[in-house]
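Dock chain B against the given chain A, drawing on the hints supplied.
Residue numbers (the numbering used here), protein chains in the order written: chain A, 1 to 323; chain B, 324 to 1372.
Treat the hints as calculated values from the structure; they're not laboratory data. Some hints here could point you the wrong way.
What the hints assert, rightly or not - Anything over 10 Å on all C-beta distances counts as not near chain A; from chain B, calculated:
| id | residue |
| --- | --- |
| 1 | Tyr-445 |
| 2 | Lys-629 |
| 3 | Arg-677 |
| 4 | Leu-758 |
| 5 | Glu-987 |
Unchecked claim - Dumping the calculated DSSO-like pairs for lysine-lysine here, alpha-carbon to alpha-carbon at most 27 Å:
| id | chain 1 | residue 1 | chain 2 | residue 2 |
| --- | --- | --- | --- | --- |
| 6 | A | Lys-195 | A | Lys-182 |
| 7 | A | Lys-131 | B | Lys-740 |
| 8 | B | Lys-740 | A | Lys-87 |
Just so we're clear, the structure is a prediction, and the values are computed from it rather than from any experiment. We put the beta carbon where it would ideally sit given N, CA and C, even for glycine.
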Amino acid sequence: MATNTAGSNDPTLNRRQTKRPKYSKFTQQELPACKPILTPQAVISAFLIVTVVFIPIGVASLIASRDVVEIVDRYEAECVPSNWTDKVAYIQSGADKTCKRELHVEKRMKAPIYVYYQLDNFYQNHRRYVKSRNDEQLRDAGKGNSTSGCDPETNINGVPIVPCGLIAWSMFNDTYSFSRNKNNVTVNKKGISWKSDRDHKFGSDVFPKNFQNGAIKGGASLNETIPLSQQEDLIVWMRTAALPTFRKLYGKIEVDLEKGDVINVVLKNNYNTYSFSGKKKLVLSTTSWLGGKNDFLGIAYLSVGGLSFFLSMAFTIVYFVKP
Amino acid sequence: MDSKRPLLLQSPRTPNDQEFPTIPVFPELPKSKSSSSNTVTFSGVEYGQQVDNKTSSNSSTSSSKSAMSIHSMSSSKRNNSLNHSGSKKPVTVRYGSKGGGDSDGLTMSQRELRDEDARLVYINDPEKTNESFEFFGNSIRTAKYSILTFIPRNLFEQFHRVAYVYFLIIAILNQLPQLAVFGRYVSILPLAFVLFVTGVKDAFEDWRRHNSDKVENNRLASVLIHDGSFIDKKWKDIRVGEIVKIKTNETIPCDIVLLSTSDPTGVAYVQTINLDGESNLKTRYAKQETGSKVQPRYTGLIKCEKPNRNIYGFMANMEIDGKKLSLGSTNIVLRGCELKNTSWALGVAVYCGRDTKAMLNSSGAPSKRSRLETRMNYEIIMLSSFLVALCTITSVCAAVWLKRHKDELNLLPYYRKLDFSKPKVEDYKYYGWGLEIFFTFLMSVIVYQVMIPIALYISMELVRVGQAYFMIEDHRLYDEATDSKFQCRALNINEDLGQIKYVFSDKTGTLTENKMEFQCASIWGVDYSSTKASMDGEQGEYSVQALATCNTIVPLVVDTPDSDVKLLDYQGESPDEQALAYAAAAYGFMLIERTSGHIVIDIHGKRLKFNVLGLHEFDSDRKRMSVILGYPDNSVKLFVKGADTTMFNVIDKSYNMDLIKSTETHLHSYSSLGLRTLVIGMKELNTSEFEQWHAAYEAASTAVFGRAAMLKKISNNVENNVCILGASAIEDKLQQGVPEAIESLRAAGIKVWVLTGDKQETAISIGFSSKLLTRNMTQVIINSNNRVSCRKNLKDALERSRKLMSTYGVGNNDGAVANQIALIIDGGSLVHILDSEHEEELFQLASLCSVVLCCRVAPLQKAGIVSLVKNRTSDMTLAIGDGANDVSMIQMADVGVGISGQEGRQAVMSSDFAMGQFRFLVPLLLIHGHWNYQRLGYMILYNFYRNAVLVLVLFWYVLYTAFTLTTAINEWNLGRSTLLKFPQLYSAGQRDEAYNKKLFLLTMADTLWQSMVIFWPPLFAYWKSTIDIASIGDLWTLATNSKSDFNVN
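Next up, chain A with everything else stripped away, as it sits in the complex (with noise of 0.2 Å):
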């Protein structure tokens, strides 16, 4: 009622009702914080530990890099034999599709040795592809006919196949066998896949069924007496690869190569990339701590650090020439 305030507020009154807002450091926005400030020895000194870091770190991953051995043997032209004109209608014709090739080691190689193949310009990550598969169907023998999204290769008159898809349709179906001064190199093709996959993703009481009896057949035919926990070239497959060429574990060389061994291998090229102009490399190759043989990864940190190398030195000269 009374509003004017000349000086009739009762001062004790008003501080007990006060809509004064309560302190805190987090209302007033007064929690500590820092903020770096770019002073130019800041980034003179943040440029050289990007340096003191990365060089080291570059050169480490290049030698690793070039330690390790690696043979690659492109084989998919040579194993068409000269009289077949036509590539796809060899590969797709009854004839014998053996092949031999010779591998020269060039440097020794250490146990494990991995065999790979190497597929080129096969979109494994194509839309379609990717998605024509059933996971349930793999992981769980009671879903042996859900086979939704497996679409074309769901059923063959009416019973449903298993493993589903087009993935599992089109397995990789070559095979290798090495050979040293006539002596079997074994390639041991246990525990090429994920354990994670082996374990919860397929399942170790799901047997493949009226697989590959199709008018066509895709690539490799599965034994089915073994369930698909074991089948590791299929686990390996199904683990469809991110780019269009990639390598993927056939098995591992468990004794040493030794400089100048030379490899003898028979291969059954049976799958078919001619039809996509699609290249097939066998691959052996022994790893580091980085992985396999990729110069890259040294490259770019070795580039890296030479950059802030010489980032930091030019800051230099500019802050004592001309502060």
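Then chain B, alone, in the frame of chain A:
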């Protein structure tokens, strides 16, 4: 004499200096006719009968209440600065007034209503009233929905947001089996969730509105029924035409025209706090003709205007007993007001329910959109074209790929166009080349949808709520004196506070406190500011008496806990009048009681009753008010009080030239100290004069048409040859911290313009004391009253200031700072400049100046000035003010800030932000505005950046999947939580552009680069490796995440 009730009309606005436009002091005054017949004598005045002496304690308490300092005045500093400015002031002579923005309530109501625009209300006959037109009943409905309409209407309203429509389209696209990129139902979920939450919120709010409507509609009011008795009726059943009785402290149920009140003269006091937030009492009047009636016998017809939103205007006339009376805004009481100090009032309902002015005004404030958001929309359009481009590239590439591999598709292991599983071999999921491309396009739209960040809108809302919270809770913005926190009334323009380039400020109540203090007086040519002489002598007494009587103050007796002590509270609409009344009380002339017929004044303990024979209200043309008092000894005196400019026109020049001269000198020095001055005059009316006036006054009071004009004429006639008594000066103190605030605003590169209704001298002196103007500024004054000279002035000023700028600007940089230009322009000149081709010149001139001071401006001109700047630059404008006259300016500016101060709450109601003090503008703009802007700008860019990186990584990947939109990354909600933990950054830098087109493009370029960095190195590193989709997807997600997290931190 008691029966001769003078017509009391409430003034639209009391003599508040701010409201008078125009007219600087001019030296040569037009000679007014000297009439020798009227000699004013100051002797032989006897004080009439003593009324009673009971509450003599009042005198002490009330004088203690009125804070007054007669002698505390004017530091020498201020004097200096004033002399400086005063010497430069060009003197212009102008006669008459322009009255540009003045609205005269009286003339409004005098306009004749046309029948088709009118609503006819038959008093006490609701049947007949509602017969031909079905007026709305008094039930109100603020709820938006009913149970049936809720879902469709709420959905409809929610989908007004374009973002939701976009979201919906994406969700629908996802439903097509050919396109299902993401899970079908999953894609609807986010939208459904948002819609659901908003819907629940709306439903809850509406439910509460339903409840409050119910309560409101079922309140009871007594309504007159046919047999003449009153019954209680629910509010919702009240109909137009019914007569409603309201008791004290009750709320008015609908808009009613007063018929009679418990006061025999028909006065009712109402509090309009619910309507406009002003807590002082307003007087409303019942018509004399209806007030005296025997209650139940009302018959008559009211013709009033159609319902409208104007709560300060009402136009109607009433036919009663064959007489036609005009009604104005003083005769209507609006729904939501409360009756106070009046035991009952009777009124006829004219507007009910949703037609009431309160309901028509209940819609929310006009919403402003932030500059940032507007700009962001532009960028979103750019992004969508980018999106379309990406989709087009993808689908074109897919088309080329499909074309080239056309023959291989059938058996391609990873494509397998043909399905052999059925007896008849058919295409499997292949719809022909054209359709495939089309589907690819749609699919890519779905995959790249995040390019347009929908989450951004939600994030922005959240961030703004947080910012509002921080602003409200800030100690720096809390006003101790009024115990008010900062108010955030508009949530969507927080960030505009960080981009302000222009501040338009009102003066009174914004820069100053609007707590008027009586500072000094000049009486009978003696300046009472410097000498300690007490005001005695007859002239002194008359002066004080004039101050005590010549006003519209209503004294209210307020009980205190101590029953012996009673306080007098002077309620009035003008703080100036209050200050004067308190001053008079301090000098022993205490206004104790006011009715429409008489006033009681306690003079040094003796109570005298004066009859108020007539009261000529203040109006903006005359700029003065006068009261005619009948003394107990039957002498009649006229007291006048008004602005100096108009008062000197009516002063009896022949009487005492020295007196006039010295008063004028005093006035000049007062006003150059920044004081608000009023001149007081008196005149004794002899019998013939009184009779003449009285006859005319009676005639005018009962006139049906043109009453206001007649009254004005009469007052002009009687306010003549007045003997000057003196002048009063009231100080409106500067608010605390204003000079510092203005200084730091200026340091921040913000241009401060002051727009005031005050006189030029007052404005300039306030400008100096608030450090708006400094000594080394060159003042450019445009002050002319006609079109031609005004334009010439403007042109000259422009040239002069250009020259100044160029000489100093080129010469040396420090000199340019020292030689700033201040433009001072008055409302009279603005009339000729605004809305003409000279606006451009004014703008150029103003943009050269560092300070612009506009004085004598009308409310609409304030808005005009704001729009002058707003339309010509892209700079952000902020208007700050506290009074009703600032509302238009506040609404016009990009950001409107209201000061919750003395002048009511209209400014606050129309503002976007409200606070207690002008100086809070500094932390608001420089800290919060800066933060809000930086953070929101950063957040928007970050959102764009993050989503674009994702999309681009996806896009690069698509290049490696034969353009088939395989998605490596399935994790969308990245770093949302990071939005909430913005670091407490404080940088001293001022208002960097945190978000603009260049920055946006830069960010996008950066995005392109970063997405490449994220994409290609892993790609090369894993080229020819056994990496599978999920792994490389994880890798990229990790890269994007850590990259963006790094960016945030």
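Hints not upheld, ascending by number: Violated hint (a single one): 6; every other hint is consistent with the structure.
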